[in-house]
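Visitor: Build the full structure now, drawing on both the sequences and the hints.
Residue numbers (my numbering), protein chains in the order written: chain A, -16 to 156; chain B, 8 to 394; chain C, 2 to 105.
Read the hints as simulated data drawn from the structure, not as lab findings.
Take the hints with a grain of salt, since some may be wrong.
[Unchecked claim] Which residues of chain A face chain C? A few of them, derived with a C-beta cut under 8 Å, are:
id, residue
1, -9
2, 33
3, 119
4, 127
5, 133
[Stated by the list, open to error] Not close to chain A: a few residues of chain B, all C-beta gaps over 12 Å, as computed:
id, residue
6, 127
7, 137
8, 169
9, 321
Keep in mind it's a predicted model, so treat the numbers as computed, not measured.
The beta-carbon is built from N, C-alpha and C at its ideal position, and this holds for glycine as well.
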Amino acid sequence: MSLIDITFYILALTTFFAGVAVIAIPNPVYSALCLAITMIGVAGLFFTLEAYFIAGVQLIVYAGAVVIMFVMVLMLFDLKHEKKAFSKGLFSMILKIGSSAVVLASIFSAIYLTISAKPRLEEVNTDAIVAAKGLALQLFTKNVFAFEVIGILLLVVLVGAIALAKGKGGTHA
Amino acid sequence: MGSDLVEVSINTIKMLAIFLMMIQAVPMLVWVERRGSAFIQRRFGPNRVGPLGLFQLLADAVKFIFKENFVPKNAVKFLYLAAPVLALIPAALTFTAIPLSTPVEVASFELFGQSWGPYVFQFRGFEMNIGIIYILGVGSLGVYGLLIAGWASGNKYSLLGAIRASAQMISYELALGLSIVGILMIYGTFDLVELIGSQTGHLQFSFSGKEYHVGFLPNWGIFFQPLGALLFLVSAFAESNRLPFDLPEAEAELVAGFHTEYGGFKMLVFFMGEYGHMMVASALFAIFYLGGYHIPFVSVDSVKEFFLSTEMFGTSTLASLMTALVFHLSLLFKVIFLLWVFVWVRWTLPRFKYDRLMSLGWKTMLPWALVNTIVTALFIYYSKVSG
Amino acid sequence: MLELEVGLSHYLVLSAALFIVGIMGVLIRKNTIVILMSIELMLNAVNITFVAFSRFLNNMDGQISVFFVMAVAAAEAAIGLAIAVAVFKRFHGINIRFFENLKG
Chain A
-16 MSLIDITFYI
-6 LALTTFFAGV
4 AVIAIPNPVY
14 SALCLAITMI
24 GVAGLFFTLE
34 AYFIAGVQLI
44 VYAGAVVIMF
54 VMVLMLFDLK
64 HEKKAFSKGL
74 FSMILKIGSS
84 AVVLASIFSA
94 IYLTISAKPR
104 LEEVNTDAIV
114 AAKGLALQLF
124 TKNVFAFEVI
134 GILLLVVLVG
144 AIALAKGKGG
154 THA
Chain B
8 MGSDLVEVSI
18 NTIKMLAIFL
28 MMIQAVPMLV
38 WVERRGSAFI
48 QRRFGPNRVG
58 PLGLFQLLAD
68 AVKFIFKENF
78 VPKNAVKFLY
88 LAAPVLALIP
98 AALTFTAIPL
108 STPVEVASFE
118 LFGQSWGPYV
128 FQFRGFEMNI
138 GIIYILGVGS
148 LGVYGLLIAG
158 WASGNKYSLL
168 GAIRASAQMI
178 SYELALGLSI
188 VGILMIYGTF
198 DLVELIGSQT
208 GHLQFSFSGK
218 EYHVGFLPNW
228 GIFFQPLGAL
238 LFLVSAFAES
248 NRLPFDLPEA
258 EAELVAGFHT
268 EYGGFKMLVF
278 FMGEYGHMMV
288 ASALFAIFYL
298 GGYHIPFVSV
308 DSVKEFFLST
318 EMFGTSTLAS
328 LMTALVFHLS
338 LLFKVIFLLW
348 VFVWVRWTLP
358 RFKYDRLMSL
368 GWKTMLPWAL
378 VNTIVTALFI
388 YYSKVSG
Chain C
2 MLELEVGLSH
12 YLVLSAALFI
22 VGIMGVLIRK
32 NTIVILMSIE
42 LMLNAVNITF
52 VAFSRFLNNM
62 DGQISVFFVM
72 AVAAAEAAIG
82 LAIAVAVFKR
92 FHGINIRFFE
102 NLKG
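Guide: Put into structure tokens, the structure is as follows:
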């Protein structure tokens, strides 16, 4: 095992258990904090995959996003009275966990069956600046239409979110 | 990797030294801030302990460390204790990615009957050629420390301060990110060292096919991006929660904001985080707009040749080390000046109202940053189109 | 499968596990904001897959997809939180069962 492998295992375990904690902890404040740890872990995994630019963007975008969720949780909940965090019903719970397990098992078996020959980490061009330039070139030549569409989508979302959240009787009404 | 014992150990020592440098600078900054405030307000400030009150910081540190370590009744203990550290870590991590001077080249030498090959030690914590993205990304994690501190204290004033802090930092992060897009487009790199390297010599640029030279000005980014520099400076003030944007800890409204419940050494760690953010912001401003560690009109080679010609530092290793120190002093001078600007502004401008702060961020800074980006792009396009 | 040296399959397994954790979160939690968090988890799991394939096939398209996924995730989170605020104003709580009132 090389150093990068050990890094991967540490990051993978952190990310996975933080992800489990997001759904397993009843208090949504801790869920938000664990989600932040998950996001940082995913950014670290992107580092191990030498996608430095994506890792940085992941940190910038999701750090802000999770902070907003955290604040929303703080503003919208009376945390002393959060008792029923999970859905009720033993039978439906068994059904939900069972079906999730079936999906997981089928994905695992698909991975196991298709990747028989393990691709090695081969030497590729890992210069982050060259990689970032390649990314930008692809983004603004081949995928420029999708880029524009995303821009319009974000504009629509901006208008929609303000229209939804504003309403009457807010603090700035 | 091919790194051997000497290289690994020196790199480890170097990282520790850079971290300690940051921690060490904090008491000095506290002194500068207190004496500077006193100077601006025409009073004396701390002047009893030691010459010029310089030992005041030592006394303060002792006092902070020996204070009682208590946790408020309503606090969430683990998060309450973790929050100051979470505020310090992003500042420390970003500081390590900043290039502080020219690299030190160590020629091969003999030790313990073995020859150790030539090394190059960067004058920074670790090398990273997308330093700007990294610094922005890790720097944006700084808000968690404040938010967790405010929530875990179990105090309404703390919580209000924390929510203000999060809204303010997220809003101004946009303006901060957009304000440096112009300079990134001009120099075409994410690498801080490369960015500094292209700011040497005198001011020169080409526009519509003609070369322009301005002999009496250095080739600094601020002359290409004056608006960007202003926006970056204002956003940096907001990001490090300094006056006139220190709404998260507005003492007239919120007692002390997110750190109301903190005292003693935990408070000091918050201070370290805040001053660390200020240092990182100042260093970034110096790198983006003031030529980084370069001295105007003095090239690295000429300084190195000067040291090579002296008797004391005649060997190439020592000359390289001395050159690095000289350029490090140059960066330090710029950073200290900018930190003084932080203190200066604190006693010059009154605190904003919260809605004014938000409307400044979203309705003034963000549109101007966009305009700056577009104008820069047009400028670059027209300087290339007929050249 | 159980080799210690990290390859593509390790990233895929981690990604699948995280994705399932996200699905479970959506299924078993009642709090709308935690459900939104679970959706973010699923999107991140998919991002890991994209970047892992991009790295091991030495092709940039995966990273481009990650950009778009992030943009869509931001849009989804913004609208989701706006709806959560609207529901909270109406019912003074954001339990997922309040959405049953959206039936026409």
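Visitor: Could you let me know if the closest chain A CB is still more than 12 Å away from the CB of residue 127 of chain B?
Guide: 18 Å, holds
Visitor: Should the interface hint for residue 127 of chain A be scored as holding, given a Cβ-Cβ cut-off of 8 Å against chain C?
Guide: Violated, because the Cβ-Cβ distance from residue 127 of chain A to chain C comes to roughly 11 Å (cut-off 8 Å).
Visitor: So residue 137 of chain B supposedly isn't at the interface. Is its beta-carbon more than 12 Å from every beta-carbon in chain A?
Guide: 5 Å, violated
Visitor: Close enough to count: is the Cβ of residue 119 of chain A nearer than 8 Å to one in chain C?
Guide: At about 10 Å, which exceeds the 8 Å cut-off, the nearest Cβ of chain C leaves the hint on residue 119 of chain A violated.
Visitor: Beyond 12 Å from chain A, beta-carbon-wise, is residue 169 of chain B?
Guide: Nearest chain A Cβ is 8 Å from residue 169 of chain B, so the label is violated.
Visitor: Is the interface hint for residue -9 of chain A satisfied, with its Cβ closer than 8 Å to some Cβ of chain C?
Guide: Status holds, d = 5 Å.
Visitor: In terms of Cβ atoms, is chain A entirely out of 12 Å range of residue 321 of chain B?
Guide: 37 Å, holds
Visitor: Classify the hint on residue 133 of chain A as holds or violated, based on whether any CB of chain C lies nearer than 8 Å to its CB.
Guide: Since chain C brings a Cβ to about 5 Å from residue 133 of chain A, closer than 8 Å, the hint holds.
Visitor: Checking hints one by one. Is residue 33 of chain A an interface residue toward chain C, by the C-beta closer than 8 Å rule?
Guide: 6 Å, holds
The earlier numbered hints that this structure contradicts are 3, 4, 7 and 8.
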